[in-house]
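Participant: Residue numbers (the working numbering), protein chains in the order written: chain B, 300 to 383; chain H, 589 to 912; chain C, 426 to 919.
Everything labelled a hint here was simulated from the structure, so no lab data went into it. Because the structure is a prediction, the values reported are computed rather than measured. Be aware that one or more of the hints could be misleading.
So these bits of chain C aren't anywhere near chain B, every CB distance computed over 12 Å [stated by the list, open to error]:
{"no.": "1", "residue": "L434"}
{"no.": "2", "residue": "P439"}
{"no.": "3", "residue": "L511"}
{"no.": "4", "residue": "F523"}
{"no.": "5", "residue": "E534"}
{"no.": "6", "residue": "E572"}
{"no.": "7", "residue": "R862"}
{"no.": "8", "residue": "P878"}
If you want a taste of the chain B side facing chain C, the calculated C-beta under 10 Å gives, among others [unchecked claim]:
{"no.": "9", "residue": "D321"}
{"no.": "10", "residue": "A333"}
{"no.": "11", "residue": "E337"}
{"no.": "12", "residue": "E338"}
{"no.": "13", "residue": "D340"}
{"no.": "14", "residue": "S341"}
{"no.": "15", "residue": "Q344"}
{"no.": "16", "residue": "I345"}
{"no.": "17", "residue": "K346"}
{"no.": "18", "residue": "I348"}
{"no.": "19", "residue": "E352"}
{"no.": "20", "residue": "K353"}
{"no.": "21", "residue": "K360"}
{"no.": "22", "residue": "A361"}
Where a beta carbon is used, it is the ideal one built from N, C-alpha and C, also for glycine.
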Amino acid sequence: MTISSQDRILKHLTIIFREIFDDDDIVLTLESTADDIEEWDSLNQIKIILECEKFFQVKLKARDIRSLNNVGEMVDHLMRLRVY
Amino acid sequence: MSRSWVFFIFIKLLASLVVVALLVEGLGWAVRDIPPSRHPLDKLVFALDNVTLNAPVILAGDSVTQDLVNTYSISRDENIANLTTNAASGMVGLLFILQRYLFNNSLPKHVVLAATPYFVGFVPEDGTYETYIRSVFTRDSERAWLREHELDDGGASWKPAILKLENAILDPVVGGLQTVPIKLPGKGYALRKDIAPESPGGNAVSQEELREYSKTESQIGPVAEKAIRDICLLLAENDVVFHLLWAPIPKTIYVKWQQTRYLHRMETTILQAGGTDCAAIQLGDFNSTKSYPDHAFRDPNHLRRPGWVVAYGHAMAAYLEGLY
Amino acid sequence: MLFNSLEFLLIFLPISLLAFHLIRIKYGGKWALYSLIIFSLAFYGWWNYPYLLLLCGTIIINYGFSLLLWKKNNFLILVLAIGFNLALLGYFKYKNFFLENFAYIFNTEWELEPIFIPLAISFFIFQQIAFLIDVQDGRVTRRPFAEFTLFISFFPQLIAGPIVLHREIRQQFEAIGKNEGAGFSFLGPGVVVFSVGLFKKVALADSIAPYSDLAFAIVEKLTLLEAWAAAIAFSLQLYFDFSGYADMAVGLGLMFGIVLPLNFKTPFRATSMIDFWKQWHITMTRFFMMYLYTPIALYMARSADERGLRSVPTFLLAAAIPILGTFLLSGLWHGAAWTFVMFGAVNAIGLIVNHAWKQFGFGKLPALLGWALTMLIIVLSFIFFRADSIEDAHRLIALMFSFGDIVLPNWLSSAAQSVGIPWRTLSLFTTGSYTVRLVAWIVLGVVFVFFLPNIAGMWKSLKPSWRTAGGTAIMLWLAIGLLGRPQNFIYFQF
Numbered sequence: 300m301t302i303s304s305q306d307r308i309l310k311h312l313t314i315i316f317r318e319i320f321d322d323d324d325i326v327l328t329l330e331s332t333a334d335d336i337e338e339w340d341s342l343n344q345i346k347i348i349l350e351c352e353k354f355f356q357v358k359l360k361a362r363d364i365r366s367l368n369n370v371g372e373m374v375d376h377l378m379r380l381r382v383y
Numbered sequence: 589m590s591r592s593w594v595f596f597i598f599i600k601l602l603a604s605l606v607v608v609a610l611l612v613e614g615l616g617w618a619v620r621d622i623p624p625s626r627h628p629l630d631k632l633v634f635a636l637d638n639v640t641l642n643a644p645v646i647l648a649g650d651s652v653t654q655d656l657v658n659t660y661s662i663s664r665d666e667n668i669a670n671l672t673t674n675a676a677s678g679m680v681g682l683l684f685i686l687q688r689y690l691f692n693n694s695l696p697k698h699v700v701l702a703a704t705p706y707f708v709g710f711v712p713e714d715g716t717y718e719t720y721i722r723s724v725f726t727r728d729s730e731r732a733w734l735r736e737h738e739l740d741d742g743g744a745s746w747k748p749a750i751l752k753l754e755n756a757i758l759d760p761v762v763g764g765l766q767t768v769p770i771k772l773p774g775k776g777y778a779l780r781k782d783i784a785p786e787s788p789g790g791n792a793v794s795q796e797e798l799r800e801y802s803k804t805e806s807q808i809g810p811v812a813e814k815a816i817r818d819i820c821l822l823l824a825e826n827d828v829v830f831h832l833l834w835a836p837i838p839k840t841i842y843v844k845w846q847q848t849r850y851l852h853r854m855e856t857t858i859l860q861a862g863g864t865d866c867a868a869i870q871l872g873d874f875n876s877t878k879s880y881p882d883h884a885f886r887d888p889n890h891l892r893r894p895g896w897v898v899a900y901g902h903a904m905a906a907y908l909e910g911l912y
Numbered sequence: 426m427l428f429n430s431l432e433f434l435l436i437f438l439p440i441s442l443l444a445f446h447l448i449r450i451k452y453g454g455k456w457a458l459y460s461l462i463i464f465s466l467a468f469y470g471w472w473n474y475p476y477l478l479l480l481c482g483t484i485i486i487n488y489g490f491s492l493l494l495w496k497k498n499n500f501l502i503l504v505l506a507i508g509f510n511l512a513l514l515g516y517f518k519y520k521n522f523f524l525e526n527f528a529y530i531f532n533t534e535w536e537l538e539p540i541f542i543p544l545a546i547s548f549f550i551f552q553q554i555a556f557l558i559d560v561q562d563g564r565v566t567r568r569p570f571a572e573f574t575l576f577i578s579f580f581p582q583l584i585a586g587p588i589v590l591h592r593e594i595r596q597q598f599e600a601i602g603k604n605e606g607a608g609f610s611f612l613g614p615g616v617v618v619f620s621v622g623l624f625k626k627v628a629l630a631d632s633i634a635p636y637s638d639l640a641f642a643i644v645e646k647l648t649l650l651e652a653w654a655a656a657i658a659f660s661l662q663l664y665f666d667f668s669g670y671a672d673m674a675v676g677l678g679l680m681f682g683i684v685l686p687l688n689f690k691t692p693f694r695a696t697s698m699i700d701f702w703k704q705w706h707i708t709m710t711r712f713f714m715m716y717l718y719t720p721i722a723l724y725m726a727r728s729a730d731e732r733g734l735r736s737v738p739t740f741l742l743a744a745a746i747p748i749l750g751t752f753l754l755s756g757l758w759h760g761a762a763w764t765f766v767m768f769g770a771v772n773a774i775g776l777i778v779n780h781a782w783k784q785f786g787f788g789k790l791p792a793l794l795g796w797a798l799t800m801l802i803i804v805l806s807f808i809f810f811r812a813d814s815i816e817d818a819h820r821l822i823a824l825m826f827s828f829g830d831i832v833l834p835n836w837l838s839s840a841a842q843s844v845g846i847p848w849r850t851l852s853l854f855t856t857g858s859y860t861v862r863l864v865a866w867i868v869l870g871v872v873f874v875f876f877l878p879n880i881a882g883m884w885k886s887l888k889p890s891w892r893t894a895g896g897t898a899i900m901l902w903l904a905i906g907l908l909g910r911p912q913n914f915i916y917f918q919f
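Input sequences plus hints: build the corresponding full structure.
Facilitator: Shown next, in the form of structure tokens:
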């Protein structure tokens, strides 16, 4: 069974979140929002974005990410940038 | 909309609105006769209807004097009936209070009113009128007087209890909890001789406030005049001597009012208020025998405690001494 | 027109609701939406019809800018458009503020005419700015003029927010237009949510208002305990005032079958500053986060990263400065005075400390302590929000911490004398009964803060039960009974 790019992105995002929040128990789904993860605030949002840029080797613009409401939208956006 | 929500709006909500209103109305009806006890005037009126005093001297006035008499005993208890109020009920309130007192008690020899000029001319309006006159003095004769002098418009529009919760429910309930004990204030501290009046500074009133206050020279309007006239009539009918004295006034203001002849004009209006009966008023002035400097006051009207209030107390006690 | 007025409750709302739904059923959703535009403009014009021209003017001009952007997506056009909007806002709201400060710097005096700020200008200008940015982002395709007009003027959210993003409402409008909207289905919950909001505003906020108004008018005469009472009372007043209006907005939207974004959760239960600002004035925070904070913070974070800065300078550059800048501006958005800027500053400092605490790993505080610290900072910031001047605010805060100067009121004189504490006649705690009532309102407010659920946020799970009906009935009666008093809607001047 091949893993879809969506799943791969989600898996790597989870690694990034766990690293930035220093919490190995974080589980991300496509519906996860800032309300679900207590540590996810505006500051950490920036860190996540920078980390994503480094990891996925893309440039994320403020306009694109300013209103990503949940993890699913982040995954969609990354898929659009054809990271995988 | 789902059926249950339709049912909610047109049946449950509507029914709840009606039921709640009816329940409150019922509660309001149940407590309607309990006299409210919202402020000292309510308590005074309630006490008047239930306690006999038979004192030879009635002392009335606004909060300047009330501050004194509610805290200190300026004479033996049986000598003075403390009918002081705050300024809000004015001379109209005083008229009703005197009527009620005379109804229940033996005739006094003297009624001494020690007040500020503001009190003598003040007639409350709107909310103040409602709280300090209309909802306090509810007897037919009092209502009739108020209607006659156009303070009351007769039938107050009926409002269901739920729309005037504070008046219909809260006040009587609180009143019911507070009507004991029934007594008039006045059993206070003895007037000591060793308290020094306060010096300048501390909580003394600022010159700025005095300046603002000195600009106001309130007048005696037609309704207040009628009230004064009726008080004079009432007292004259019963052979009671009516004394009216100006309570202590800050020196700066007192001097100004003397220069502008304001106090003199007020006195003239009072004396002429009701034909001949008011001409017999014994006028006096606490400021003529003793000067009350600006720093004796904590605001343009009220004396600082305890020193200056006690000083006023000594002056008052001396004045009343000869009257018992 | 205000939501908490008889003319709205008994005349405008029933008529507009009836008309909207009847037209929707008989002539279709599209016509119903057109009627909603008329009602919304009438609602705004009722207050002061000349400013209706202003509202319509901004709608027309901003739609014009949008057309330009849809044709040629040029960043410069966006800059021009935002500049125009801010200039308008600056003129109508901040002119005197600028002139006063200009005069102060250059030591001159100026005759200032009194300003008459158009109702809700901060809200509808910002909502249009957000729209323009979204257009330039490519997030909004070309929409009809009527839809844009309704989006900006829709009366439930026109006066005091929420600041709605186009994407939140576009599908709902489209659905209604195709007769596939929610119709009546949310009317019931809408009535309940609206009643709760009305109750909060009229029965709670407006009842506390006279006490805090008096206190803030006589700041120099207050004592330690009175100062605390004043600060807490005003904080409660502001909370119920604004969350009440936010609830009413949601409730009204629901009555028309439209779901507006939530603007309030339960901020006074927050256990940290970060948590607080996720729950208070959510859409405004969102606006500033999205359009101001994120771009700046991202840029700063990148530069810090590129320069290989260590964690503390990175934090200062990428977090502290953007937060400070954002909150100073959002403070200023609330009002044209330095006190509002200070309000922003105090919150910024609280947030920066909170973030630093998290960032540098100082461990999590127990909930109660976190709550107490958060509320302390919030209450202090609210003092600046309300005070007539910065001096007054400083005076009040100083009083709150002058622990050596306890003075008891004259009606506790005997108790005071027995314990050896000075007493005198106080200016706020003037009589026993006044003080008891003030304290009772504070206690009642705190009880409601903790036990009144966030109905606007959980409207979907409301049940049409007798209990809901009873609670709604009581709240409605209390609100209607207290409606006649003079009002003072704080967020009104925005």
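Participant: Now look at each hint and say whether the structure bears it out.
Facilitator: Going down the list of hints, with the structure as the test:
| no. | hint | result |
| --- | --- | --- |
| 1 | L434 | holds, 34 Å |
| 2 | P439 | holds, 36 Å |
| 3 | L511 | holds, 19 Å |
| 4 | F523 | holds, 29 Å |
| 5 | E534 | holds, 43 Å |
| 6 | E572 | holds, 20 Å |
| 7 | R862 | holds, 39 Å |
| 8 | P878 | holds, 17 Å |
| 9 | D321 | holds, 8 Å |
| 10 | A333 | holds, 8 Å |
| 11 | E337 | holds, 9 Å |
| 12 | E338 | holds, 8 Å |
| 13 | D340 | holds, 5 Å |
| 14 | S341 | holds, 6 Å |
| 15 | Q344 | holds, 7 Å |
| 16 | I345 | holds, 5 Å |
| 17 | K346 | holds, 7 Å |
| 18 | I348 | holds, 7 Å |
| 19 | E352 | holds, 8 Å |
| 20 | K353 | holds, 9 Å |
| 21 | K360 | holds, 9 Å |
| 22 | A361 | holds, 4 Å |
Of the numbered hints given earlier, the model fails none.
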